[in-house]
Amino acid sequence: MAGDGTLALAALLLHAVAFLVLAVAAPLRRLGRPAGYVSILCAAGSLAAAVLSWRAHAGEAISRLVWTWLPTEGQTLATVGVLADADSTLMLTLVALVALLVQVYSLGYLSDESAPALGRYYAYQSLFAFSMMGLVLAPNFVQLFICWELVGLCSYLLIGFWYQRPAAARAALKAFWITKAGDVGFLIGIVLLWRHTGTFDLAEMRVLAGNGAIPLAGLAVITFCIYLGAVGKSAQFPLHIWLPDAMEGPTPVSALIHAATMVTAGVYLLHRTDWLFALTPDVLAIVVWIGAFTALLSAVLACVQTDIKRVLAYSTVSQLSYMMAAIGAGFSAAGFFHLLTHGIFKALLFLGAGAVIHAAHSNDLTDMGRLARRMPQTAIVFTVGALSLAGLPLFAGFLSKEEILGAVRAGGFTAPFAMLILVAFLTAFYMFRVVFLAFFAEPVALHAGAPVAAGVGAHASHVADAGHHASHAAAGVAAHEPHEPPASMLLPLWVLALLSVAIGVYFTFVHPEPEFTSPAWLMPVAVGSAVAGILLAWATYQRRAIDAASLAAAFGPIYRSALARFWIDDVFERAYLLAILGFSRVIGWIDRYLVDGVLNMLSAWTVTAADDLRTMQSGRAQDYVYGIAVGLLVLLLWVQFG
Amino acid sequence: MGLQAYLTLAAIVFCIGLFGVMTRRNTIGILLGIELMLNSVNINLVAFGRYSGDVTGMVFTVFTICITVAEAAVGLAIVILLFRVRRTVTADHLDLLRG
Amino acid sequence: MNRLPLLSIMTWAPFASALIIMFFARRRPLLVRWTSVVGTGISLVASIWVYWTYDRAAAGFQFQEAFPLVPSLGISYLMAIDGISALMALLTAIIIFAGVFASWTTKERSQEFYALLLVLVTGVFGVFVTLDLFIFFLFYEIAVLPMYLLIGIWGSSGDIRPQGIFGWAMGRTGVGTKEYAAMKLTLYLLFGSAFILVGMLALFVATGSRTFSFLELQTMQFEPALQTWVFLAFYVGFGILAGIWPLHTWSPDGHASAPTAVSMLHAGVLMKLGAYGVVRMGMGLLPDAAVDWAWLVGTIGCINIVYGALSAMAQTDLKYVIAYSSVSHMGIVMVGAATLTPTGLNGSVFQMFAHGIMTGLFFAIVGLVYEKAHSREIFKMGGFGAMMPGIATAFTIGALSSLGLPATAGFVAEFLTFLGAWTSDYPWWLFPAVIGAFLTSVYVLRVAGQIFWGPKAPDPHFQHLPDAQGPEWAALGILVFVLVLFGVLPSIAIAPVDTATGQLLLRLTGQ
Amino acid sequence: MTFETLTLLLPELALFALAVVVLLGGAIRRGVAMGWVTLVGLVVAFALTFTVREGASLLDGAFVQDSLALFAKRLFVASAALSLLGSLTLRTGAFARRSAEYHFALVASLLGMAVLASARELILLFVGFELMSIPLFLMTGFLKRDAVAPEAALKFFLVGTASSAVIVYGMSFVYGVAGSTMLSEIPPAVRDGPPLLMLGMALLLAGLGFKIAAFPFHMWAPDTYEAASMPFVAWLSVAPKAAGFVVIIRLYLAGVGTAALIWTPAIAVLAGMTMVAGNLMAIPQQNIKRLLAYSGIAHIGYMLVGLAALSSSGVAMLLFYLIAYTFGNMGAFLVVQAVAQSEQSDRIEAYRGLAQRSPLLALAMLLFLLSLGGIPFVAGFWAKLYVFWAAVERGMYGLVFLGAVLAVVALYYYLLVARRMYIEAPERPEPVHVPRLLGVAIGTCVIGVVGMGLYPAPWVTLAQRVAATLFS
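Residue numbers (the working numbering), protein chains in the order written: chain A, -16 to 625; chain B, 8 to 106; chain C, 112 to 622; chain D, 164 to 635.
Please note that a few of the clues may not be correct.
What the hints assert, rightly or not - Label-pair restraints from in silico Cβ distances: (1) A/565 <-> C/584: 38 to 44 angstroms; (2) C/571 <-> A/94: 29 to 35 angstroms; (3) C/220 <-> D/218: 55 to 61 angstroms; (4) A/552 <-> C/407: 38 to 44 angstroms; (5) A/353 <-> C/574: 41 to 47 angstroms; (6) D/259 <-> B/39: 35 to 41 angstroms; (7) A/577 <-> C/569: 31 to 37 angstroms.
Just so you know, the hints here were simulated from the structure itself, not pulled from any lab data.
C-beta: ideal position from N, C-alpha, C; glycine also.
Looking at chain A on its own, in the form it has when it is part of the complex (with noise of 0.2 angstroms):
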């Protein structure tokens, strides 16, 4: 009974039974805390469901239960329900577990929310959990696309919690607007899709696709226009830009939505998919490239950001670039494994962060340093999570970077290789970099002139989180001193740490037999790159040697322009002002004045003609003598003539 998807769907309803009571029952959801208590408890349910579901796919167990959704002609055109197996089963897991985790830790993180907006909150949470569930087990397109909406307009209701502030509230639009426009081609991929194959099933489509059933003339525009969609969600180039402005939403919801889940469904996609595009090596191309671009550009971001968040942020989107790296390469299996695992310790560096935060009140590095003594927990367990974004052996990142980097290899794309080898060595560095800043380093306000102050210094969302907080500065805690979080708060970090740790360990020891050989060199090379990394940051920002000054400016046009975000960012802005905005006065116009305007002138033109017209009647008995005499004489001359 396990086996015939039922768990599945379970932990797939709970969250859904949650949405309802929360969205239904107002009194309840207005409460705050019971409500969140309320939803915890059904992502706990679920969770439970997950794993157990999880057990019981492991292997080749696939399970299927669909109901009709859409009928057409008589027939069913669309589905929905749920397709459990391994993959589908694990994500869901990972899904189920960071949900629960993010929810419990938003209890202390939100602690002093207003009791409306934490039930709110806790809605939008379980609305989450429950399509990003949806989406996991989705067994066709039609789901997986309404899921796949459902969880941007989470994403963008989350970004814009608290869309008091200017910047959430745009950063929640700049998301949704940039993830649509990926979603545009998503869409007609699936459009043009079904009418290439007749369906949208995905368990249909797959047999097609083992028997060669699907013509190939044309798959290579639909298989692109669906990697789109990805390349919107799991923010690659050129659509990266939404992701770091995300940061403005609270941070849990960055740990969830922008790390663990929402944002990894590009990469779920195409890792279901790939046996469609198995058939179109050429998109798979395109996807390595972007990917392994997407990775070096925002791992140079990241070596430049002075809000802890923001350099999480381009740090994810350098991951997700990397697992696409793996899934171009054809290896898509690597890619997945690194989606898990990064999902674990990115979700745990992002909570830290907000640990972080919700200590010093500032998203800004330069405002930390030497918090390791107040918050040693957390910096034990952030630098965990460092450890394993910078793959070091033991560590949840170790075994799965290395296989991406020995999948791309494998591939055959040397360059992307080598460039995802620099990307290795600039995590390692920019992690560290924060690491150190944070917990070790003396604050580097003392400091001053280094870089890191040179930071995005003017941007708006340096007081992101330290926004809400600063109710506890108000609150006359002037004399106030960092310390650990709550235990709601280290709980679930310390599970997340030790999870990576052991995921690490199981993984260095146990090595399942990848798809393809990587030569012996390769795990040096990753792990030296790292440590690299690791040294040059703590030769300069812990101990100084290095200026970091002057390590900027040896970079000194790639610095700069960093800080300006390769002006990509103001080329969306201006393309969105002048293109669209622009345009649509233009047409707004013409409809005023000239669709319209052309009728006003006509009904204008006619009352003025009558008003010309009245004239005629002068009120002299012998002009009206005159109309006859004329009007007799036309009459004649059509009798002489007509």
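Please build the complex by placing chains B, C and D on the supplied structure of chain A, with the hints as guidance.
This is chains B, C and D only, laid out in the frame that chain A set:
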């Protein structure tokens, strides 16, 4: 071709009358113009009757003359009435009603 | 087949209550309102009943009621519904029921207001459920005429400063005033109805059989020449009401000036009435011409989608934004219909329904906001989300539906239309349609963000605004519920519609 | 002159007797008494029209009582009775002192119309015309102390007599060519269309154009309407025009057959110009009487469209239009009288908020306006529809399209009045006082308009029957 001559004469008289109606400033003058027009009709009728040799034309003429008289009477009455109210019989001044 | 004349009840109940209001409810506002509630409630119940008891297996026209009126001219009181008209009747009933609540706070001359409104609704119901072309036309006129007074008396004037070329003309015609809007709308629609009348009479003459009955006309084969120009006449006539480009300009002015319930009804239902006319009369009676002219209908529809969305983006007056969004969405309806594919046509009909509810919701909300904040200027308002969370949420749901977000009715409609477009003879229609959906997301969320989910506006008037209360909740609640319900379970709407569209297309393309 | 002949003339005789009675009675009894007498007399005359054997003709064909004649006479008498109901409520000043004159003139003019409707002989036609017109001049100037009434009377008179001259001049040619004054002699002459005859017919057309107030012979109408007393104008706007149309039908269509078609272009052009001029010039009017005057001119244009078809159905539709127009237009004018009596103003402003002051009156006015505008459920809709239909049968699509567009224009200025009544707020709360008789008259018109709107069939068949006899 006597008929032609009569008809032409009638036409000329008619046009003179019409011209008078359209140009005279004095209302009485206009009335006279109308009388001319009607009388041209009489010329026509008599001529036609004479040349087609039946009396209907003459009969018609008699009717026309009577009716013309009646019209003249009514017209003059109205003119007098108007003069009482407005102290003028100049057609151009009678344009209170217009537009 | 059924003993109770449900369709007549549905149609005439509002009219009856209008009479009651006119004669027995002098100066008793509450009685007026409750009479309207009861009248429209009866219609609602009847329509739901019809909708559920409609025999999907049998399909075709059901619940027939017929008795001859003018046998000599073949005019008869013939009422029946199929899947499409059942859904449309349901839509009408829902909108007006909500509309009665939404305009609960009408102050001046509320008695006449409700009376006229109910008469109008009678016309709309009649159009949807009658199958006699002549009666159809009469109902159509009933549905159009009261609009002049409804807008003229209870409407509100916006401020549009005439400028640019034709500026003087706009000044001269008094653009922006409610009188202008009312006059424009009435004349425009009557002009359109002239075309419809001519077309119908042409068919009537062409059939030697001397009948106005749709059922009989349906069985006839008109010669191509006649079909062509009659179809065009219908297309222009109904198209004006459906707001096809470039004959749409009455709709923004009209909807912006109209009082809440009227804009709800007009944008929500009457524009659909135009589309319904094109589908029922144009395609139903003139299959060959419909196939020949599909390219025109669809292409104009595409123009509508993009053009409407962009115009909506350019507006600063909330009501104008909504009105233009209607123009854009009617484009989707038209494209869906023009695809001549089952999916597309289902999508089109479903979009009529979805957009009807959605726009009804929008206009209800605009009405509430205007009533509380006394402003329609988008960029003067801001941060209302904190003060009126209920209204804000409702608006957001409406917005999501209009940008075609899944789990709302809008998505299903648009998705089906897209599928239909791509499988039609003119696949490229897909792209303007999809782009239109994207543009919608831009302007509609921009508005939502500006007014509700953004920083507070400095204006002191906007500091303390009440949320919706009392009957207003009923209006919002009903509409939101329907919007989401049909988004989550579209099959309850698609299934009956499917039975009708299938038969229609069978005659059209013989597939 | 046998007794049988007299029975055929009963309606005319009754009218004549009535005229005498009123004239003499006026010497005995002042006040509105004569008005009542006239009303009774009219009812009698109306009843008598039904005693006449249809299709009879006497004076060897110079005077016929065919269905068209009877139809027209009933229309004249009925409309006269309606306007009388209106004028009976005017009990002050001239209407009290000189009511006998007024009613005598009315009956005399009516007699003229009656003769006109039956005349199939030129002299009779001419006499009929004058008998109809001269009293009209008088009645226009009836309020002789009034500043503008005499002016209007003079204009009406001058232009009217001029046009009479034109008519009779035309008649002289017709007589000359046809060699007889019998209309029955014209058709054979028309067939080979000698220029002189055509000249005469053209002159006649011009003169008749004046009678029916078709552009450009319409100019007397607005001024006269504005100045004269309302009930009279209500009647003037209908009956003489009907008479004019009857004569046109007799002269140009009856028995001429297809030869009549040579007139189609002339009449069509006349119709087009009249519709355009009437509708356009009505737009800027601020005086409701003038507005109705111009709209009336426009309606003449629509009737001419029906006439231009020069077919049996065309004439039928024209006659139907005449009935609808009678009810709608007279009703509107009677409402105007009611408002004018209580507001002392016939500006459109006087109608502000009428709907709130006296809803029923406003509703009646709205119905009349809608009927004139050609909206379903009221008579005007069918009238326009049928007229267009007739024109389409002749393939005059352009004319029909023009008419349709102008119908929208017309609706514009009718709705402007509706806007005053319904949308704008009243200046004074108290309702408009409507005298009972006037109310009856208005009510009759409402019944007529709505009745014809809801169930036009009998009237249509009537009109068709009448028209059919002309083309048999």
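message: Given the hint of 35 to 41 angstroms, is the C-beta distance from residue 259 of chain D to residue 39 of chain B inside that range or not?
response: holds (37 angstroms)
- prompt: Between residue 565 of chain A and residue 584 of chain C, does the beta-carbon spacing fit 38 to 44 angstroms?
  reply: Holds: the Cβ-Cβ distance is about 40 angstroms, inside 38 to 44 angstroms.
task: Could you tell me whether the CB distance from residue 353 of chain A to residue 574 of chain C stays inside 41 to 47 angstroms?
output: holds (44 angstroms)
query: Taking 55 to 61 angstroms as the hint, is the beta-carbon distance of residue 220 of chain C and residue 218 of chain D inside that range?
result: Once the Cβ atoms are compared, 57 angstroms apart, the range 55 to 61 angstroms for residue 218 of chain D and residue 220 of chain C holds.
task: For the range 31 to 37 angstroms, tell me whether the beta carbons of residue 577 of chain A and residue 569 of chain C fit it or not.
output: holds (36 angstroms)
query: So the hint says 38 to 44 angstroms: do the beta-carbon atoms of residue 552 of chain A and residue 407 of chain C match that?
result: Between residue 552 of chain A and residue 407 of chain C, where Cβ atoms are some 43 angstroms apart, the hint holds.
- prompt: Holds or violated: 29 to 35 angstroms for the Cβ distance of residue 571 of chain C and residue 94 of chain A?
  reply: holds (33 angstroms)
The earlier numbered hints are all upheld by this structure, with none contradicted.
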